[in-house]
Every structure is written in C-alpha cells, then in structure tokens.
Amino acid sequence: MKGRDDDRVFAALADPSRRLLLDRLFAENGLTLGNLCERMKMSRQAVSKHLAILERARLVTTHWRGREKLHYLNPVPIHQVQARWIAKFETDRLDLLSDLKTRLERKS
Amino acid sequence: MDKPTFVYQIHIATTPERMWEALTSGDFLEKYWYGRRFRTDWIVGSPVQTISPEGAVDWDGKVLRFEPPRFLSYSFQILGFQKRSSRLEFEIEPQGKAVRLTLRHFDIEEPCVKGISEAWPAFCSTLKSLLETGKAMELGG
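Residue numbers (the working numbering), protein chains in the order written: chain Z, 1 to 108; chain Y, 1 to 141.
Think of the hints as simulated: they come from the structure by calculation, not from any bench. Every residue gets a Cβ at the ideal spot worked out from N, C-alpha and C, and that includes glycine. Check the hints yourself; a few may be wrong.
[To be verified] Restricting the straight-line Cα-Cα distance to at most 30 Å, the calculated cross-link-like pairs of lysine-lysine (DSSO-like) are:
hint: 1; chain 1: Y; residue 1: 114; chain 2: Z; residue 2: 69
hint: 2; chain 1: Y; residue 1: 62; chain 2: Y; residue 2: 114
hint: 3; chain 1: Y; residue 1: 31; chain 2: Z; residue 2: 69
hint: 4; chain 1: Z; residue 1: 49; chain 2: Y; residue 2: 97
hint: 5; chain 1: Y; residue 1: 128; chain 2: Y; residue 2: 31
hint: 6; chain 1: Y; residue 1: 114; chain 2: Z; residue 2: 101
hint: 7; chain 1: Z; residue 1: 49; chain 2: Y; residue 2: 3
hint: 8; chain 1: Z; residue 1: 69; chain 2: Y; residue 2: 97
hint: 9; chain 1: Y; residue 1: 3; chain 2: Y; residue 2: 62
hint: 10; chain 1: Y; residue 1: 83; chain 2: Y; residue 2: 3
[Unchecked claim] Not everything, but these chain Y residues come out facing chain Z in the computed CB check (under 8 Å):
hint: 11; residue: 8
hint: 12; residue: 45
hint: 13; residue: 104
hint: 14; residue: 125
Start from the sequences and build out the full structure, keeping to the hints where you can.
Here is the structure:
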C-alpha cells in the first residue's frame, strides 16, 4: 500500500503539464476546472485527465462548494517525501540554499 | 457558501477512534503544538483554549461541531497575533483498513497564510507517524 502510494506520487510528478497544474494551484488554491483551463495551453479534456491522475496520487484534493468542484494542492505527500530524506538539522541550511538559488537566478 | 483557504488530506493506517483520540486528547496536541495544553470540554459552544508552557492562554476559540469519531470543527485565534478567528474542520472517513483525514481551514487572515500553510502538512505527517509507529516525527523548520 505504502509503496504503491509513493509510486503514484512520483509518476504524477514526472509529467511537466501536471507540475504546471500544481504550480497554478500553488499560486492560487481552490480553482475550478474552468479556472485551471484558462491560461493553460491544454484542452479541457487533457486538464481533466491530468487532474484525475493528481487526485489519485493525492497531490490534489477537491472540495464541493454547491455545484462547484474546487481543486486544492495537497502538499502532504510531498512533505512525507521530504521528511523521509531530509534530516531535521538540514532544513535551515537547505532553505538558505534555495533562497540563494532564487536570488541568483532571478531575472533583473 | 465559503471556500476553504486550504484543504489537506492524509491516509493513515489506523481506526477512526484512534484518529479521533489523537485530535482531541491532550497528549498528541501538546507534543505537536510545542508544549501547549488544550483546555476545553469539547461541548459545542464551549471555549477551546491552549495554554502555553508559561501558563498563559495563547489561542482562543470555540467548539463548533463535535461528532465522534467523524467530524470535529472549532474556531481559533492566536491572541496578540491574529485580529480575528479562523475555522478548522477535521473529517474522518474509514477507507478499507485505513482512515482518510481531511483538514479544511477557512477564513485565514492574509499575513498568517504562509505560516499556517507550512504547519499543516507537518502536522499531518507527524500524526501519521505517531499513529502508525507510535512515535512523533522529528520535524525541521
């Protein structure tokens, strides 16, 4: 069960379109399928297919608001990947490195 | 109808009753929330407060729903930091031999969104670790 869950997470993350959908939800959580299709160069069918894979991997959770299905980024499986390989004492230094990378790579 | 700011989900190999106990009994919460003790009788309408290790009330809210072992909801406000309270919902659903916990957080003030969004995934992971292995996870951050 555990191994299969991990496989689903990594398989779901292996696709650039699906990572883009997660980026979109990271920027703005709780979007409908329609919202997600805007600004994506993908057909509604493709977005919907990718969302189903992300949902199965539990990287996306949904919430019904009346008849609207809202999609949320669920970072819990990613947190578990992090907790598996990143030790407690490394977090601060890794944050520092990420910040440095962001700063140096920022287009000025 | 309002829209949650966050929705988190985790599957844990445990029973709804043990999950419920972890979410409502002092021991897990105290371990997770840095030694804060929860003070409440869990009656709908009653206050939910946390007491800091120094003995002060630092979070204050109200029990909104208490339906063991399925649905728990309460509001809370971090005193001296948040201007108004936000609302939490915990929904527990059996899924075969496991349990699915859905955590929804509504109405979070903008300055608190970042901190809260970092806290819950860690909360979910350590809850899983505690219920599945009996140990709380050592978390960074």
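Verification of the supplied hints:
1. Y:114 to Z:69: Within the cut-off at roughly 24 Å; holds.
2. Y:62 to Y:114: Cα-Cα ~23 Å, so holds.
3. Y:31 to Z:69: Status violated; Cα separation ~35 Å.
4. Z:49 to Y:97: holds, 28 Å
5. Y:128 to Y:31: holds, 14 Å
6. Y:114 to Z:101: The given pair, whose Cα atoms are some 20 Å apart, holds under the 30 Å limit.
7. Z:49 to Y:3: Measuring from Cα to Cα gives roughly 24 Å; hence the hint holds.
8. Z:69 to Y:97: holds, 27 Å
9. Y:3 to Y:62: Given pair residue 3 of chain Y, residue 62 of chain Y holds - Cα atoms ~20 Å apart, limit 30 Å.
10. Y:83 to Y:3: holds, 20 Å
11. 8: holds, 6 Å
12. 45: violated, 26 Å
13. 104: The hint holds - residue 104 of chain Y has a Cβ within 8 Å of chain Z, the shortest such distance being about 7 Å.
14. 125: holds, 5 Å
Hints 3, 12 from the list above are not met by this structure, while the remaining hints are.
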